[in-house]
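Work out the full structure, taking the sequences as your base and the hints as a guide.
Just so you know, the sequence shown maps onto residues 192 to 320 in the numbering used here.
Be a bit skeptical, because a hint or two may be false.
[As the list claims (entries may be wrong)] The calculated lysine to aspartate or glutamate pairs, modelled on EDC-like cross-linking and capped at a C-alpha distance of 20 Å, are:
1. LYS304 / GLU293
2. LYS285 / GLU275
3. LYS285 / GLU295
4. LYS285 / GLU296
Calculated directly from the structure, the hints in this document are not laboratory data.
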Amino acid sequence: MKWIRERDALIAQTLAFVQSVTGKKDDLHPPESPPAAFAVTTEIVTVQAIAIETDPPPAVSPPPPQARPVQVPPPRTGGDFRTEMQARIANFRKHQERFEREREEYCAATLTKVRAAIRDAGPPPPAAK
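Here it is in structure tokens:
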């Protein structure tokens with residue numbers, strides 16, 4: 192399977208990169224030898240850091256932040272919460288009753304149409320044998 196070889200090559204390449212960055216070798220999980228079709232090459236680059244001293248820019252004092260009072264809603268009292276819940280439940284029941292009433296009306300209208308169609312259709316044609 193090609194994807195397995197590609198995965199193993201990627202793992203080996205990543206492990207080599209990690210080892211080059213950290214300077215350590217991982218003895219816990221030795222890399223599997225990649226297939227001959229894939230050649231993994233890594234380049235170790237040494238970077239030297241140079242510190243340069245510069246004069247700091249002139250300090251500009253930012254305007255002091257103005258403290259804004261946080262507006263917190265007043266705490267709910269037990270009665271207020273209860274009345275709100277009762278109102279929501281009543282509203283939910285009204286909606287459910289309306290949906291049930293509309294379903295019943297639709298069902299009744301559909302049955303009326305079907306019965307009228309059956310009544311107006313007349314007798315069925317004789318069966319040919």
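For the pair supplied as a hint, LYS285 and GLU296, is the alpha-carbon distance within the 20 Å limit? Judged against 20 Å, a Cα distance of about 16 Å means the pair holds.
For the pair we were handed, LYS285 and GLU275, check the Cα-Cα distance against 20 Å. holds, 15 Å
Given the hint that LYS285 pairs with GLU295, does the C-alpha gap stay at or below 20 Å? OK: LYS285 and GLU295 at ~15 Å, within 20 Å.
Taken at face value, is the distance from the CA of GLU293 to the CA of LYS304 at most 20 Å? At roughly 17 Å apart (the allowed maximum being 20 Å), GLU293 and LYS304 satisfy the hint.
Violated hints: none; the structure is consistent with every hint.
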